[in-house]
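Q: Okay, here's what each chain looks like letter by letter:
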Amino acid sequence: MTLTAASETSGTPAPAPQQVTMSGAINRALRDAMTADADVVVFGEDVSTLGGVFRVTDGIARDFGQDRCFDTPLAEAGIVGFAVGMAMAGFRPVIEMQFDAFAYPAFEQIASHVAKMRNRTAGRVNLPIVIRIPFAGGIGGVEHHCDSSEAYYAHTPGLKVVTPATVRDAYTLLREAINDPDPVIFMEPKRLYWSKGSIESAAAATTFDSFGRAAVRREGTDVTLVAYGPSVDVAMQAASAATESGWSVEVVDVRTIVPYDDETVVASVRKTGRCVVVQEAQGFAGVGAEIAARVHERAFHSLHAPVLRVAGLDIPYPPPKLEHLHLPGVERVLDAIARLQWDDNADTHFFPHGTASGNTANGNQGGAA
Amino acid sequence: MTTDTSTPLPQTVPRDQPFARGLMPAPMPVQFLDHLGHRVQVFNDDYPEPSGEQLVAAYTAMVIGRRFDIQAMALAKQGRLAVYPPSRGQEACQIGSMLALSKDDWAFPTYRDSMALVTRGIDPVEILTVPHGAAHCGFDPRANRTAPQCTPLATQLIHAVGFASGEQRKGRPTVAMAFVGDGGTSEGDFHEALNFAAVFKAPVVFLVQNNKYAISTPLAKQTAAPSLGYKGIGYGIASEQVDGNDVMAVLAVLNKAVAHARSGQGPVLVEAHTYRLDAHTNADDATRYRDSDEVEDWVRRDPIARLEAWLCDGGLIDDAFIASVAQKAEAFAADLRMRMSVDLAVDPMSLFDNVFATPTPQLLEQRAMVKSELEAEEASR
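Residue numbers (the working numbering), protein chains in the order written: chain S, 251 to 619; chain X, 98 to 478.
Quick caveat, the hints were computed from the structure, so don't treat them as lab data. Keep in mind that a hint or two might mislead.
Output of the computed footprint for chain X on chain S, the stretches with three or more beta carbons under 8 Å from beta carbons of chain X [claimed, not checked]:
1) 331-338
2) 353-363
3) 399-411
4) 503-510
We treat Cβ as the ideally placed atom computed from N, Cα and C, and that holds for glycine.
Build out the structure end to end from the sequences listed, making use of the hints.
A: Below, the structure is given as C-alpha cells:
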C-alpha cells in the first residue's frame, strides 16, 4: 500500500485525478497565493529566471513578473532580514533557502527577529513570512545538502514549523502558511519532490485549516507510528509490512511540528497502547524525543511498553554511499515494533553488553544499573 | 570652495552629481564648524548649509537629548533601570539624523540611540521601558515610525533595507535611516545590508556613528580601513564621512543623503566621527581601556558648545533663549524622574500574549498553570 493510495483517494470512482509532483504542488500553491493576494512575493537565490535549483518556482517570474519573484544576492541572513523589512512594509514574503544547511547563516535573523518580532513589539508588528527550506536526505546529496534541521526551529518559540508528507498537504499546508499572520518554517522533504498525487480538490478550497491537526494516515489497533515529513512514507511502508507479522499499525502524520497536535497522537496511543516515533533527523534531543516524552506524560497508563524512537544516527550526515545506514528504514521500524513488550519478557536492547537476559527476575534492574 | 590642497577635487566633476566625488567619501570628514564654533570650509562645497531654523531646532533637541541621557544614566546608577547605554557626546549624530528625516520616514536604531528616539518625539518613559524591565519595546513602532531598538548589532540594518525597498515597491516615498556603530561594521549583516541596499537601490541612509570603541575594543582593532566611510565603495554605495560632533555638517550631509535616497538613486553610507564620552553602560568601567586625556580632548570638541557659539555669534539665539532651552530640558528630566519613580504594573498573563496571534494548545496549558500558581499564591497571603 502506498501513502498516496492510503490517504488521498476519497473512494468515489471518479475519473483518475490529474497527478502532479510535490514540487509542482508547491509551485501551484505559490501561484494561487500570489493570484489571491498581490502582497505575496517570492524571493531567494536563483528562484527567478532559473526557477530554483529544484525548479519549485519554475515559471513564476515569467508569469508574475520580476517584481514579484526575484533573485537576491547570495546571502541567507540578508534574504531573511530583507523579508523582515518587506513584511514590515506590508508584504507577505515567501522566501527560499536553497538547502537546509545553507539556512544556518540566517539563524540569527530567524531566532532573534523573525521568531520574536510579534512578542518584542507587544503584537504591534507581526511578520507573515514563510521560509521554505528543502530539507533532509535520501537523495544521494553531498554534505551540507541533507540536514534535518527541524529541531532548531521547533525549539524556537514564535516559529511555526510545518513539513508535508503528501502532495496534497504540500499544497494546502503552504497555502495555509502563506495566509498565516505569523512566520512559518516550511520544510520540504527533498526526496518527496518527485512523489505524485492529486491536488485538484485542495486547490478548489478557499480556506485551509490543517495547522495543529495531525492526520491519521492509516488506521490500526496494535501500534501507533508517529512520523512527519520524509519519515511518514517509511512509517507507511513499515505498517504495511507489519501486517505480515500480524500487527495492525496506525500511522499518524504530525504535519505541523508547531503547533503540535497532542490530542490526535495521544488518542491514537490510548487506543493502540503502543507507540514508535520515526524521524529521519539524528535522534538525540530531536523532535521525536519531544513527541515520545509527551506521549509518556499523557498516556502512561495506556502504554504496554515504553515509547521507542527510530531516528537517524547521531552523526554528521554521512556521504551518499553510506546514507542508507543512517536513514531509518522499514526494518528498523519493524525491529522497534517487535520490541514493544508483546510478551512478559524484558526488552534487553538497553542492557549492558554481556548481561542481556530478558528472562531474569531482576533484568530490568540490571538494565538500569 | 575646497581649502584642502593635498587631495584636490578634479575640476571635471559634474556639479549636478549628488555626491561630488561619486562613491568616494571626502578625504577628511566634512566639517562646517570647528570645535570653537567658527565656520570653516573643508570638503563641504557641494553641501548646502542647513537653515538657521533647522540649526536652532537641532540646538534645542541636543540640549534636551543630553539632559535625557544624563537623567537615564542617573536612574541606572540609582538602580531604577537595569542598565543604560549612554551616548553623551553623540548628540550631533543622533539629533541630526532625526531632523534630516521627514515625519513619514522610518528609523532603525540600536540600543544606544535613545537620544534620537527622544528627538523623534517618542515618550521617554516608553523608550526606557526596556531597561525598566517591563517589556522588550515600550513604544509603538508603527505609530512612531521607529523600529524597536536593536541589540544584536547590525541585524536591523537589513530590516531597514527590506523595509525601504518594500516602501519603494509600494510607491511610497519613505526613507529608512539605519544606525550602526564602528563595532557593528565588522558584523556580516552590515555587509549583507549594504550589498542588498545597493543591488535593490533601496532608499536607505546608513549612519555609522564611529564613537571609537566597541565596548572596550578600539577602532584600530576593529578595522584596517582608512575610514569606515570607505566600506560603502565596494558595494557601489555613495559614501561620505563627516565630523559627527558638528551638527551643521551632519545635517548638511544627511539632508543631502536623505534626498538622494528618496529620489531613487540608491542608498548612502555616512560615517560620523564622534566619541562616546561615558562608558559603554553604567556597568562598564571605561578607565580600564582609555585614559582621561583622550576623553578631555573630546570634551573640548563638544557638539552643543560649538553650535551654541555659532548661533550666538550669528544672532540666531541669545542668552534668554539658551536659558529657556535649559529650563525646558530640566523640566523634561524632572518629569521623567517623577514618572519613572512609579513602578510599572506588568500583567503576568501577558507572557503568553503575542508568541503567536493565536496561542497554541500547549501555551494555553502553560498559561493556565501560571494562572493557578499565582492564584494560589494570592490565596495564601
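Q: In terms of beta carbon proximity below 8 Å, does the segment 399-411 of chain S have 3 or more residues touching chain X?
A: Since three or more residues must qualify, the claim that chain X covers the segment 399-411 of chain S holds, with 3 doing so at under 8 Å.
Q: Count the residues of the segment 353-363 of chain S with a beta-carbon closer than 8 Å to any beta-carbon of chain X: does the count reach three?
A: holds (count 5)
Q: Are there three or more residues in the segment 331-338 of chain S whose C-beta lies closer than 8 Å to some C-beta of chain X?
A: Three-residue rule met by the segment 331-338 of chain S, so holds; n is 8.
Q: Establish whether the coverage given for the segment 503-510 of chain S by chain X is satisfied; the threshold is a Cβ-Cβ distance below 8 Å, and no fewer than three residues must meet it.
A: holds (count 3)
Of the hints listed earlier, there is not a single one the structure fails to meet.
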